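**Q** First to last, the protein sequences are chains A and B.
Numbering of the first sequence is given in this note's numbering, commencing with residue 1 and proceeding in unit increments.
Numbering of the second sequence is given in this note's numbering, commencing with residue 1 and proceeding in unit increments.
Keep in mind that the hints were calculated from the coordinates and are not lab data.
Predicted model, so just to flag it, every value in this text is computed and none were measured.
Each residue gets a CB set at the ideal place from its N, CA and C atoms; glycine is no exception.
Hints may contain errors.
Just the calculated beta-carbon pair ranges, DEER-fashion [to be verified]:
1) Thr304(A) <-> Arg342(B): 52 to 58 Å
2) Leu65(A) <-> Gln192(B): 53 to 59 Å
3) Gly294(B) <-> Ser86(A): 57 to 63 Å
4) Ala67(A) <-> Leu59(B): 44 to 50 Å
5) Leu64(A) <-> Arg342(B): 50 to 56 Å
6) Arg255(B) <-> Asp16(A): 54 to 60 Å
7) Gln127(A) <-> Ile277(B): 52 to 58 Å
8) Ile174(B) <-> Gly278(A): 44 to 50 Å
9) Thr194(A) <-> Arg255(B): 53 to 59 Å
10) Ile136(B) <-> Tyr21(A): 25 to 31 Å
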Amino acid sequence: MSAAQTSRTPVLSVEDLSVEYVTAGAAYPALSGVTLELAPGEFLGVVGESGCGKSTLAAAALGLLPANADSRGSIRFDGEPLAGMSSTRLRELRGGDVGLIPQDPLASLDPTFSVGSQIVETLRAHQRIARRAAKARAVELMDTVGIDRPAERFGQPPRAFSGGMRQRIAIAIAVANTPRLLIADEPTTALDVTVQAQVLRLLTRLAKDRNMAVLFISHDLHVVTQLCDRVAVLYAGKLSEVGPARDVMDHPAHPYTAALLASIPQGRTTGRLPSIPGEIGQAALLPGCRFAPRCAHRMPVCDTEPPLAARDRGGVAACWLAASSAPATLAEAGPVAASRRDVQSGGRKDVP
Amino acid sequence: MSESVELPAGLPADASPGRPQTGRRLAWRRRHPVLLFAMRRCLVTIPILAVMTLFVFMLVHLVPGDPVTTMLGPHATEENIAATRLQMGLDRPLHTQYVEWITGLVHGDLGTDLLRNTPVSQLLMNHLPVTLELAILASLIGVTVGVSLGLLAASRPGLLRRMTLGLSTIGLSIPYFWLGLMLALVFGGLLQVLPSSGYVAFTDDPVEHFRHLILPVLALGLGQAAYLTKVTQGIVEAFLNSPPSDFLRAKGLTRGQILFKHSLRQASAPIVTIIGIDLGTLLGGAIITETIFGLPGLGNLVVTAIAQRNYTVVQGTILVISTIFVLTVLLTDIIVARLDPRALEGRS
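Work the whole structure out from these sequences, hints included.
**A** This is how it looks when you write it as structure tokens:
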């Protein structure tokens, strides 16, 4: 199931990536030692709370970190390090081999140009294609992403489109040059719940049809486990757990993953909505495990950096608990994880 | 929702089944919102111009001071004064005078300058080109310098940005008449490289014509340049740090494309608005600048006419300046609507 073991060169490989934002002389780490690989055609979900470094990861993968970001480690596209690329090669990559679906489709399209011209522009930035041919191709793309009467709506400005439709336009722009990698940075966060599912279906269909690898960034673990082959859980800029999607959901090896799963509201929840006590705050500045202050399983050893322990069914978890015992123990251990037991037993059947 | 649909040739407008059939008239309105807006805007301008003529007329006739005694001097006889009054039509009621003036205007007759005994329209034809040339050249300098410096400051953060913005703050704080005097003093007086006063017709000597215009154009244009630098820099910089710009970079566009195509388009509507409004200011500023540099423009004409209580000339000049201003604002609005369709919203 997991494509991680394939011998092909990963489309995207992030190695020991650390990014710090420097503001007014103070440095704040956004990502610390993140290592990830994305095989061709693979759907990898990156999950975490706001401020955990998800969007920084997306920006770094496009080589588009803001000027005040200081990054170390390496990012490679198809084995070619981003750091060594010329600005021309980087531009070829952006919008060409790597497509981005932005977080906020309402704000991301240029309001003064027609949606059609914004698609044409992307095509012409990467292909030698005549204006008329590019226009025909753009209309085709608009049709593909489900815009009604595309030829007619080609000349309309973004404000003539609803949020969901604008996100479809953004998707058309992202896939215009059939990229090998699609980075979706919380593509549905700004949309209505009813529209979210449609956009996600479109995204999955396009990725499958065109064999694109997808880096799907979201705060919604539930959506991620449904869509993705593998899941990476980020907490305060560090990977806390990476593994096959289904398995991470059924057997979380990291208490943070377990807590995230437990805070997904269930249908019949009454009273207080489940949540993880505490907040991220300045966790990225902690010396040991960054989740420790909010963790129900905190041990004295958590003050030192946890090792990356191999998970039972593939992947890793950065937790002392996972390093010392089987992930199953975690499920029995605390009240947070225990509340998920019913879902777990139901889900187990699906695991091969 | 206003729709501005550019249909590709050969495609029927109502090709889709879901779209309600609209009348030919309505379809036309939907397809050319800018044209519709322009027509409406033109219609609105007519009453504005009408009211304006009334104000110009009242302004001149209600200011204190009797024109005839001022014109004829303290030693004029009673008969002389009465005769001149009669000749100027000042003995009749104000509303009759107004109607007569308007009737004349419609026929292109702005009245006669009694002091020089020439038609006012003739005087305006002689003086208007000088002022227009001054204002247009100043505007051109302002836009070219201002927009370039604004783009430069926005795209190259650091020392260059700070220097440009510092300069534009200085430029904004200097009154144009002071700048005019300083320019005349330095380049005309101390360095003696440019003429600081006088005017040469283009037909007489083109080179000298422009040499005489350099200092007044700079005096008028640099202030606008400073203002446009700040505005352009602000809008472009905000755009470069906004989600659309991030997305454009993620699409693989070059810096140049993002800067010149997208952020300039973003800034174009405010820039055009400023140019339009400033042209009015420049016409006003031209009056003082013309006085400083001794140019025979409208400014010179009207200043003298006011001092002499020369009614018809004052009326005519103010009317022409205000009309130019109203028409410029009209044109500006239409261009802005064409540049940025968002300007159409809330104005229908």
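**Q** It remains to establish, for every hint, whether it holds in the given structure.
**A** Hints versus structure:
1. Thr304(A) <-> Arg342(B): 52 to 58 Å: holds, 56 Å
2. Leu65(A) <-> Gln192(B): 53 to 59 Å: holds, 56 Å
3. Gly294(B) <-> Ser86(A): 57 to 63 Å: Distance hint for Gly294(B), Ser86(A) holds at roughly 58 Å.
4. Ala67(A) <-> Leu59(B): 44 to 50 Å: Check failed, 56 Å falls outside 44 to 50 Å.
5. Leu64(A) <-> Arg342(B): 50 to 56 Å: Distance hint for Leu64(A), Arg342(B) is violated at roughly 27 Å.
6. Arg255(B) <-> Asp16(A): 54 to 60 Å: Between Arg255(B) and Asp16(A), where Cβ atoms are some 30 Å apart, the hint is violated.
7. Gln127(A) <-> Ile277(B): 52 to 58 Å: Cβ of Gln127(A) to Cβ of Ile277(B): about 43 Å, so the range 52 to 58 Å is violated.
8. Ile174(B) <-> Gly278(A): 44 to 50 Å: violated, 58 Å
9. Thr194(A) <-> Arg255(B): 53 to 59 Å: violated, 39 Å
10. Ile136(B) <-> Tyr21(A): 25 to 31 Å: For Ile136(B) and Tyr21(A) the Cβ distance comes to about 49 Å; the hint is violated.
Of the numbered hints stated above, those contradicted by the structure are hints 4, 5, 6, 7, 8, 9, 10, listed in ascending order.
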